[in-house]
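Enquirer: Each chain, letter by letter, is given below.
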Amino acid sequence: MEKSIRKWFALFALPGMICFSVAFLIPFVWAFILSFCSFTTITNASFVGIENYIRAFTVDNYFTQAFWFTLAFTIVSVVLINIIAFTFALLLTKDVPGTNAFRTIIFMPNLIGGIVLGWIWNVIINGVLAQFGLNIMSDSKFGFWGLVVLMLWQNAGYMMVIYIAAIQNIPQDELEAASIDGASWWTTLTRIIIPSVMPSITICLFLTLTNGFKLYDQNLALTAGQPNHGTEMLAMNIFNTFYSRVGFEGVGQAKAVIFTIIVAAIALLQLFFTRKKEEAL
Amino acid sequence: MQVSRKYTRWIAFAVLVLVSAYVIFPILVVVMNSFKSRLFISNMPFSLPDSQTFVGLTNYTQGLMKTGFFSAFGYSLWITLASVFFILLCTSMLAWYITRVTGKATSTIYYLLTFSMIVPFQMVMFTMSKFANMIGIDNPVGIVLLYVGFGCGMATFMFAGFIKSIPLALEEAAMIDGANPPQVFFLVVMPMLKSTAITIAILETMWVWNDYLMPYLTIGTEYRTIPVAIQYLRGGYGAVDMGAMMAMLFLAMLPVIVFYLICQKYIIKGVLAGAVKG
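Heads up: the protein sequence lines correspond to chains A and B, in order. Read left to right, the first sequence gives residues 331 to 611 (this note's numbering). Read left to right, the second sequence gives residues 16 to 293 (this note's numbering).
Everything labelled a hint here was simulated from the structure, so no lab data went into it. Each hint should be verified, as a subset may be incorrect.
[Unchecked claim] For lysine-lysine, the following DSS-like pairs were computed, each having C-alpha atoms within a straight-line distance of at most 30 Å: (1) B:81 x A:424; (2) B:145 x A:544; (3) A:606 x A:544; (4) B:21 x A:544; (5) A:337 x B:81; (6) B:21 x A:424; (7) B:21 x B:179; (8) B:81 x B:179; (9) B:145 x A:606; (10) A:333 x B:119; (11) B:284 x A:544.
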């Protein structure tokens, strides 16, 4: 059977592979090579070695600043989103009236696109700050916490849905046995619920981690990196390096490679953790 | 014990009511302000429109004119539908092929596709948009090809995961009855992929519909999708017309919310499956 299918490569695999090559493979290889070149369009490149990688850090300190901003933002939002989402999930699995309606409402913001989200919160945060004669551009800490609130609004419902599914999968008899033995809710939570939903916790941590690191649209619409690059995240710094100054395309591409390595490292870490979990089972 | 459990239920209920209010509040603010004069939005977005600030549908007419919202809606709709359709078609075939045909070539393809899932768009955005321009696919039809290529990774990965679990016997029986591979795929395999296809369709729809950077970089100067049109309102350095912005934000959210309320069961299921497998 395999032999007869093999002959049909042109029908089954070719259309997908052409699109994949045009959209990803060729641009990826090309981009990687260009990170070692100086260029303004993709055809007039000349080799410069690792100069772009050095210039990424030496031309200005915005890239490192963006890295620390992104890291701080990601850590704060990952922790808050997961704690809050997990708490909601516990509440929603407690046989509260209207569970389905609540789940529907809380999940909804996840479907709204980043640009729209960014502008919605831009208005609200500016409205609150206006009471004190300030706006979101006044200080980068407003942009920072604005982004955290926005991400919480967008992602908590999504993570909550994952946690709910995990909590509902816990065998009822385990929970009943615990309550017959007189276990307090804290013991039940730390000894039964959290250990059994651990795989979902890993998934949610990494989902929020990568989403946080790769954030762009929300960042653009909310503050566009203002004031003075103070709320610029990595993805935006890369975009601005490419497109706002001529002659820095190579530096932008080098930054993009570094960014890719960071994101890929997070993904590999996730793979490592999930593999380990599976072996432990 | 019984009493305290009753209390916790109502406390939980109260907390959830507050949380729902927090979720809905920003959307209400947008709706409310879309009827207010733009001069009264930035400083007092939380007050209801009154006789002094109410401007009727002015913001809507202004916004529709400035953004070309209807054509943006048309482009978004076409690009999303076409991309999702071709992603489903191309990747289901590809996934079946690389699962059923073993060997170095197909496993290399599989690893490359998986690898593409973790590469952020910023890595390829410059070369991809220039290359698209070089080969002349920087238009609303050509961009579909880019979406299929970039969405390939996750969709093929998920289809392949499911196809591996289908017993071979059905396909072999069809082969013995004289069916050729296309018949086997389209008549036997494809119908079984339905639930995975719905999951993938939902995830890809959410991605393509909301995507900003790819349409902005490849076709943005001539053809604007909804996210590009909204960001376009920001314009150069002048003040943003917040009235038109509110009206357009509401129009942009409306179809998404309606779509969500109609098929929320599938959406939540699809997103859940995507998170666990992706």
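Enquirer: Against each hint, give a clear statement of whether it holds in the structure.
Expert: Verification of the hints:
| no. | hint | verdict |
| --- | --- | --- |
| 1 | B:81 x A:424 | 49 Å, violated |
| 2 | B:145 x A:544 | 22 Å, holds |
| 3 | A:606 x A:544 | 26 Å, holds |
| 4 | B:21 x A:544 | 43 Å, violated |
| 5 | A:337 x B:81 | 53 Å, violated |
| 6 | B:21 x A:424 | 11 Å, holds |
| 7 | B:21 x B:179 | 48 Å, violated |
| 8 | B:81 x B:179 | 51 Å, violated |
| 9 | B:145 x A:606 | 42 Å, violated |
| 10 | A:333 x B:119 | 15 Å, holds |
| 11 | B:284 x A:544 | 24 Å, holds |
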